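From the two separate chains plus the hints, produce the assembled complex.
Which chain is which? The protein sequence lines are F and A, in order. When we follow the numbering used here, the leftmost residue of the first sequence carries the number 1, and every step to the right adds one. When we follow the numbering used here, the leftmost residue of the second sequence carries the number 140, and every step to the right adds one.
Because the hints were derived from the structure by calculation, they are not lab data. Quick caveat: nothing in here was measured; it's all calculated off a predicted structure. One or more hints might be untrue.
[What the hints assert, rightly or not] Covered stretches of chain A (chain F as the covering partner; in silico rule of three or more C-beta atoms under 8 Å from a C-beta of chain F):
hint	stretch
1	210 to 223
2	233 to 245
3	684 to 693
4	741 to 752
5	760 to 773
6	782 to 793
[Stated by the list, open to error] With a cut-off of at most 30 Å between alpha-carbon atoms, the simulated DSBU-like pairs for lysine-lysine come out as follows:
hint	chain 1	residue 1	chain 2	residue 2
7	A	K285	A	K668
8	A	K344	F	K30
9	A	K653	F	K30
10	F	K114	A	K668
11	F	K125	F	K83
12	A	K569	A	K582
Quick reminder that beta carbons are idealized off the backbone N, C-alpha and C, glycines included.
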Amino acid sequence: MNAFVPRIVGFACNWCTYAGADLAGTTRVKYPPELRLIRVLCSGRLDPDLVLRAFQDGADGVFVGGCHFGDCHYQSGNYKAFKRVVLLRGLLVGLGVEPERLHLEWVSASEGQKFAQAVTAFTDKVRELGPLGLAGRRL
Amino acid sequence: MSADRVVPRIGVYVCHCGVNIAQTVDVEALAEYASTLPGVVVARDYTYMCSDPGQHLIRQDIAEYRLNRVVVAACSPRMHEPTFRGAVFGAGMNPYLFEMCNIREHCSWVHADREAATAKARDLMRSAVARARLLEELDDRFAPVKRAVMVVGGGIAGIQAALDIAEAGYKVYLVEKGPSIGGHMAQLDKTFPTLDCSACILTPKMVEVSRHPNVELLTLSEVEAVDGFVGNFKVTLLVRPRFVDTAACTACGDCAKVCPQRIPNEFDLGLSTRTAIYQPFPQAVPAAFVRNAQDCLGSLPLACGKCIQACEKKCIDFDQQEERRQLEVGAIVVATGMDAFDAGASPEFGYGKYEDVLTGLEFERLVSAGGPTGGRIVRISDFEPPKDIVFIHCVGSRDRAIGNEYCSRVCCMFIIKQAHLARERLPNAKVTCWYMDIRAYGKGFEEFYDRVRDEGVVFRRGKPSEVFRRKGRLVVRVDDTLLGSVIEQETDMVVLGTGLVPSDGAARLAQTLKLSLSADRFFLEAHPKLRPVDTNIEGVYLAGCCQGPKDIPDTVAQARGAASAAVALLNRGQVRVEPVVAEVREDACSACHICETLCPYSALAFDSAKGVMTVNPALCKGCGVCPSACPSGAITMRHFTGQQLEAQVDALLEVSVES
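Next up, chain A with everything else stripped away, as it sits in the complex (with noise of 0.2 Å):
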């Protein structure tokens, strides 16, 4: 039942959006021009076509004008096209008979001159209104969905998406590219404002996730490469070799003892030391050891192989090899997490050059009670308690000269808290934060600094613009804006409040994903407001820092967002296919092969028994190379096609439509 034979009788809906496209397009004659169209039977303006009145004016007007064509002049369809196909099935019209003209974000918003915009709106209408005249009905697909889920990256985010979508019965692998889960979460001493102990609120949900019967825990894995869509992707994970069988390894230590490597400890940013078979940290999970094979001497005899001497449970196998592991899930959820931002990169602060300036990450190792120091705050030139400390705020962050223009968020209260840990340890010290403004947004925030500043913190403004050193000791360059005078303080020890970055391996994450990203190199949402958890691509979710600096209140919101939205759709148990594919014209195939070669899906294959090529409706995702390469013309793309494309050029250059 071709569409196309039966004459078009077209309504056209031209919206205000309140003010937005009114005041710069003069809608009443857009739809008054829209009426003068070739098949508009109806057009009309409305002040906005989304809300109900004005769905069930289109509702309302397909019952009564017999549309069998409707055209929203609105703003993008990829805001509003689901509602609008939404209210014209809801009238008993097929979805695919609906066409949008985007006359908001791509004219009212961007011009300011009203005659030109509407001049352009007027174009805009009549290549809309000529390809809603083509248009042809289509029949959704539906493909059944997967009942499991990955999620990237074992920091807080994904512990909390894989415990809330496991507690919902789904299979969940919970991919995580270095040796154990924890993020960034398990390096933090206490947590602001609260001050609870980080490592007591995250190490349990780190053993219940791992413990869970429907969680599968991949450590040391990466997404190499993801195919597939919503509801059915196919994974490909590189699985790196630990060496120690993870379910044997007790964590007794004994191979670490022998081990005569000395490596710098990442977990404690260098600040201590570990063996080349080591444990990242006491609370780690999986409690298994892991070798990393760059730091080891090797396994010959002569070389080394001390470790596997002294495994009395033999546990360690220097030849296991690297795998490949395929998974087949539903939906993903993104929580890889951020970097501190690399101090050396804003040299002025010293950073690299003096040892007693350091990092907010670093300087929290020292505070904790787990750390090097084991919870000492020393100076690291002496070993010496420092008597006067300079915190340095927005290092990082709120710095175009560096690229980062964006506000991290959290570093200004993780430095208030740090200043109080060091208030709390060192009484005696004096304790200075240089800020350039105070964001204390936060539930419990802002009573939180006042109680750090009644605490004896000095809180000054002004953004340092040098630390260097004189006489063996450290200065602080700063200028005073409210004072309005240039200081010079002497100190004892520097702490640079670093900014967030995305997590390294993000970017590449987001080519596999084929994810956007926003100016500021995090994930892109969907919508920045009505949509944060969604990415462009449908049934692949977002949680934490990944998508923007968050402190660890909104990161679990935000996960949990991430979860019930993957369970949402496994819920469903289909998703729904749009049935734009291509379709081959079997009398005008002459089997060139030409679309098969370019075809990235393998979706044509050449049919031996009639001689022409077939498309397989299952592979196909609609990107049209192949009809645009057919010397034929053989090819058609549905909801694409040659003739709806031909006319919107004629069309918005007014040549006329040839019925």
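Extracted from the complex, chain F is given alone in its bound form (with noise of 0.2 Å):
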């Protein structure tokens, strides 16, 4: 009935999301199919540009994955990407797009089913929401 199939890009932190996106895999704990996952070193490696890159190249929205406050690996890389989200959203609101596109969430390296969980929310929102629709325009 409903054929829409969301894409969703996502940036994982090789320390504690990726980690964790591993250990959702080692324990084979199941979740939605939609997001590709790109790995970063560090949240803190997370360029605005390439968040609003993703959405003007037709995704429906964008996982971003860092250490817990406190856990980073590089101390503070996750504060900044909170930083970022936050101003993001900020921005995507005045474009027009629903910020709960951007979605932020920490995982770490030992939490394999609440990868799974977000990652199951996240889609399941951009799902509700709908396609965005703007690929291939200039924001």
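Given below as structure tokens:
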């Protein structure tokens, strides 16, 4: 009935969220297949341009995963990612894009289950929001 | 020699991983799809890419097809990236021109629908190939390794690791937060299943490690901060004052004789008292006394100060201050051990409410010849020997309700040993063990369990639900799951087989060292099977119960493993440092200093001669916080360049990649 398959790009830090996603795999937890993850060393690598580029390229949602506060492998990269996500959400509102399409989640290397739950919830959310349709448009 | 001017010739290899990937992802179709992507010269699929024939396939193709990029679609790069980097390097290719595509942990293992999983694998493949096209050659850097190791924790794990490393000829700093080394093993009377006297096998090691010329023992010390990287850690210790000159003190005890204070003795879990200036236990190492400032009345003549007068050698100095000490070490062994589960958190067993409900460790002090009763088993309430003792297994373990789902592994045997000791000391007493399952898995364990059953200890299956008092006697209410009936058993003493939890402070140390914890809150090893002593931080190793509950032989084995891992690193003499660092394009930098304020490592500094920012590659760790904030786009993060990441995003979303 609902033929909409959301396109979701994710950025995951190497030390926590990427490892948490690996653990979800090792423990065979199932979650929806729409997310495609890109590995960066730290969530602090999250360039705001990359998020906007993903939306412009046709993504319906962008997922960002980093270490819990206090756990960042690079001391404070996750705080910087947090600030950028807050600012970006404001920017998205200005562009007429639902800010919930940009999701930030802290997932540690031992939280495979949490990773799966977060991806499931976010995928459902984006499915509910429907297609964004910014592909090819200039922001 | 920038590789991006070379026309990419990419080889793609899709791994079946037996059926791990192949049963969910159509690997043949994926390889065929990859062969259509721009730059791909050859694409194959193979059962096990990581195997020798799999790696040989890659090396052969590099030579035959003159490949200058390799993509392997298989497991997580956290698993086998080093393997394949080694394989391509062996064929003369720069290892940073290799790219991994994770279609196992992130795809075949987490999705059930073959079509959707294959579609996702195609997207991931497109992204990996797009990134591979833009990869650049990088040269590894090397840094010398400091010829010293810090071992954190002075229990049996830390002692053994320190001894092994010291014997290999390296300097060891053995850091212990308490006033003495020895750990929990020093509190035990006998060890299962051999009934060795714990002190007899431990204390010689304590003395040996403290006298070893390569070991520096740092008691009352805690790790406050750790900086640096594998081979070159800079540690800041907080050293608390002992108020007694360790070298001069002969442990004569004259100070304690005059001390008027009486404090519950931690070593006996409050079953005895100690003075404010005291020796933690008679075999403590260092043997020197220690003054607890909180317990002490003070040195003003009006207040007290009696110990200062009593000490003939004048070892006592109330003015000692806490100090900070810097260490430079090449490797770190974490051996922070465990604590016993707080039995008060399972209130149904009446611990803290009824004096004659004890924890396993308290019972251990009671049966110990060096304990508060000299080894006599008596009820705390009336100092009479109990005629009936009930042991309850799995208190604080295998219990979802309190958040400890795991089995603590040692308590079954620990209780069986205590039941044996109880029967030995009180031959007429009735001893009952209520268990969920008996886990007697180790060498000699099952035999010991059989022996203790033959000695007359009664084992009954069921987890008691409640301990209460009726007419002056303790009553254990339990559903006997073999008889299928609820029983109320009257007894004189209840001993709780408390499980193990991570030691207090482990979580903080994890933050300081940037180590991960597993769901049970013990330290997470790098791989549960193949790297059980390594961590996610290179150069930091785990030993003993800090990684998960284990008995003494397993603890010693892991300690020796961690020590040999540290020694192997130090023997190498140098470490490879990944060349993943930031670089400033001088013509684009506007010297706004934004990057400088963001960098947590002070790796960016202003070059006043050139008027631009510069990166100190020795300090840069490659997090990439600076390039993503640079308003001029002047900073490039090697191996994670903006171009590479953009190409990955574009490719994932099927935006055609312009070359």
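**Message:** Hints numbered earlier in the text: which of these fail when held up against the supplied structure?
**Reply:** Of the numbered hints given earlier, those the structure breaks are 3, 4 and 8, listed in rising order.
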